[in-house]
Amino acid sequence: MGYTPFDFNEADRHRRDHVEDRLREGSPVVGISFDSGLLLLTVRRSQRKVFEIYDRLIYAGIGSQADIEAVRVGSIDVAHREGYERSPDDVTAQRLVGFALSPSLKRLFGDQFNAPPVIRALFGELGPRPEDDAFYVLNYDGEFEQHTGFAVLAGVPEAEDRMALWLVGVGPETTREQALDRALKAWAVGAMESRRRRMSAGDEEIDPLLDIEEGEQMAGFLREELKTGVVEAGILDRHTTRESRFRLLAGADLEPLLREYR
Amino acid sequence: MDLRALLNPDGRPVLQPPAFPAADSRRDAHALRLEEAHGTTVIAVKYRGGVINVGDRRATANFAVMYDRAEKVLPIDDYTLLAISGSYARAMEVVRYLRHAFKYFERSQLQPMSLDGKLSELARVIAAGLPAALQGIGGFIPILTTYDRQAGEGRIFFYDGMGARFESTEFGAAGSGSLQIRGVFDYIVKTRRPFHEMDREEALREALLLLDIAADLDAATGGWSKVLPLAKTISEEGIGDVPDDELRSLVAEIDRMNQRGL
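Respectively, the protein sequence lines represent chains A and B. Counting in this note's numbering, the first sequence runs from 1 upward without gaps. Counting in this note's numbering, the second sequence runs from 1 upward without gaps.
Calculated directly from the structure, the hints in this document are not laboratory data. One should not assume that every hint holds.
[To be verified] Quick list of the computed label-pair ranges, beta carbon to beta carbon:
1) Thr241/A / Pro194/B: 28 to 36 Å
2) Arg124/B / Met199/A: 54 to 62 Å
3) Arg95/A / Arg124/B: 25 to 33 Å
4) Arg44/A / Arg182/B: 31 to 39 Å
5) Gln109/B / Arg95/A: 50 to 58 Å
[To be verified] Under 8 Å between C-beta atoms, here's a sample of chain A residues computed to sit facing chain B:
6) Ile76
7) Asp77
8) Arg86
9) Ala100
10) Phe109
11) Val168
12) Val170
Please read all numbers here as calculations on a predicted model, not as lab measurements. For each residue, glycine too, the CB sits at the ideal point set by N, CA and C.
Throw the hints in and build the complete structure from the sequences for me.
Listed below in structure tokens is the structure:
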């Protein structure tokens with residue numbers, strides 16, 4: 001029996017369906033570049049999700065825990081090898097995602113003898129000015145997109161569309177407090193949409209531009225989610241004098257943000 | 001297929017301690033000795049709440065002043081400073097290596113490397129340079145200072161040329177001028193008070209005075225007539241630069257003392 005182009009398409013389709021099914025469950029991630037830094041925010045139930053990769057690189061992923069970890073450790077290896085052998089200035093998200101991760105993920109995804117990687121990842125790169133910041137969204141098959149200003153990650157494309165609509169307007173003047181508030185609300189928009197898509201199993205058509213139920217519904221949703229979930233926000237600080245720009249925001253930093261959802 | 005292997009097809013190690021081969025012959029070693037840049041005097045003293053590091057700005061090659069703006073007190077991570085003396089080339093490579101090694105550990109393992117782990121890593125790279133150091137090239141002696149957040153105090157460690165590590169209770173000094181001022185530390189501790197009981201300003205003044213005496217008594221150590229000396233602190237809040245204004249006024253005070261012929 002030969003291997004036909006049809007078999008290839010069929011296998012490819014099966015693998016995509018398998019990965020996308022598993023990604024649906026993922027808790028969205030929001031990335032925003034603001035005046036004094038760059039932020040990745042999500043709400044998690046178990047494992048930590050926002051990680052430092054290198055001096056100016058931050059990462060979060062949705063999907064299988066093992067694949068998120070493999071991409072994390074692989075990225076840290078690549079970044080440190082390059083930063084030590086050449087210079088920290090040469091470690092950029094563009095090189096890491098475009099030349100190292102993307103081709104490797106494509107090969108892994110195409111390898112019919114192994115389970116495909118289940119991951120969708122977001123990389124943020126801090127520049128000297130907000131205009132220099134960059135985001136890269138990397139897909140399980142090696143495809144990637146570059147974004148500026150903000151970027152989002154969710155298990156279903158419709159949720160990402162809605163989150164992006166919600167974030168239009170954040171810019172270099174956005175403060176950290178504003179960015180945190182926008183990010184948490186965008187997370188809620190994405191999580192609500194992901195849930196709605198899961199429930200309707202993606203069969204019925206929902207108008208993607210349908211007004212997002214604002215105000216009470218979102219606040220109620222967040223109040224409910226934050227009973228069991230934890231807001232995780234990692235930032236890269238643009239103007240710090242510390243050696244490390246990265247830090248996870250602790251309780252006191254998030255208190256003003258979370259107060260209204262208690 | 002595994003992502004880590006795909007990202008590193010040649011199987012190169014992420015970080016390799018800097019190699020510093022010995023010269024092939026005695027003649028080569030002699031020639032290198034004449035060319036090699038050396039850092040001169042660095043001093044570390046404790047104070048109530050942390051550690052202060054000061055150093056002159058000079059790097060010499062044989063009898064020539066190679067550089068008069070040398071940075072010889074270098075941050076390795078948020079709570080670790082390395083003050084370097086001896087071979088400038090090797091010290092700088094070691095600093096680059098340690099920065100990457102400590103950060104690589106913390107980023108990949110999601111916890112900081114223990115103090116003991118850091119001290120051993122430094123001992124290992126010192127010992128690796130021994131064959132060259134025996135020929136009189138590439139030898140360097142560091143002082144590692146850190147703030148111990150559990151104990152709530154600064155700590156000072158110094159090394160010998162083979163990598164033996166010692167902890168000092170009060171002070172440390174390394175470089176060409178350190179021998180000349182060795183006894184002055186003891187005199188200060190015995191007649192005034194231990195450094196760790198001094199406040200920041202008093203300890204800083206004593207450290208600068210010691211540096212001035214080193215510059216007086218050692219032909220290689222630089223004064224501060226052109227460029228301010230280096231001064232950094234590590235405390236609960238991490239590493240801080242002593243502001244230039246503060247340094248300028250303390251230096252002027254010592255200069256006035258010198259002009260009175262004291």
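Verification of the hints:
As the Cβ distance of Thr241/A to Pro194/B is approximately 29 Å, the hint placing it in 28 to 36 Å holds. Taking the beta carbon of each, Arg124/B and Met199/A are about 57 Å apart, inside 54 to 62 Å as hinted. Our hint of 25 to 33 Å for Arg95/A and Arg124/B holds, since their Cβ atoms are close to 30 Å apart. Between Arg44/A and Arg182/B the CB atoms are about 55 Å apart, so this pair departs from the stated range of 31 to 39 Å.
Gln109/B and Arg95/A have their C-beta atoms about 24 Å apart, which leaves the hinted 50 to 58 Å range violated. Annotation: Ile76/A was flagged as interfacial toward chain B, and the flag holds, the nearest CB pair being 5 Å apart, inside 8 Å. For Asp77/A, the shortest C-beta to C-beta distance to chain B is roughly 5 Å, which falls under 8 Å, so the interface hint holds. The criterion of a C-beta within 8 Å of any C-beta in chain B is not met by Arg86/A, whose closest approach is roughly 11 Å, and the hint is violated.
Hint status for Ala100/A relative to chain B: holds, with the closest Cβ pair at about 5 Å, below 8 Å. A cut of 8 Å between beta carbons decides the hint on Phe109/A: the least distance to chain B is about 10 Å, and the hint is violated. Taking 8 Å as the C-beta cut-off, the interface hint given for Val168/A is violated, the closest approach to chain B being about 33 Å. Proximity of Val170/A to chain B is violated relative to the hint, the smallest CB-CB distance being about 27 Å (cut-off 8 Å).
Violated hints, in rising order: 4, 5, 8, 10, 11 and 12; the structure is consistent with all others.
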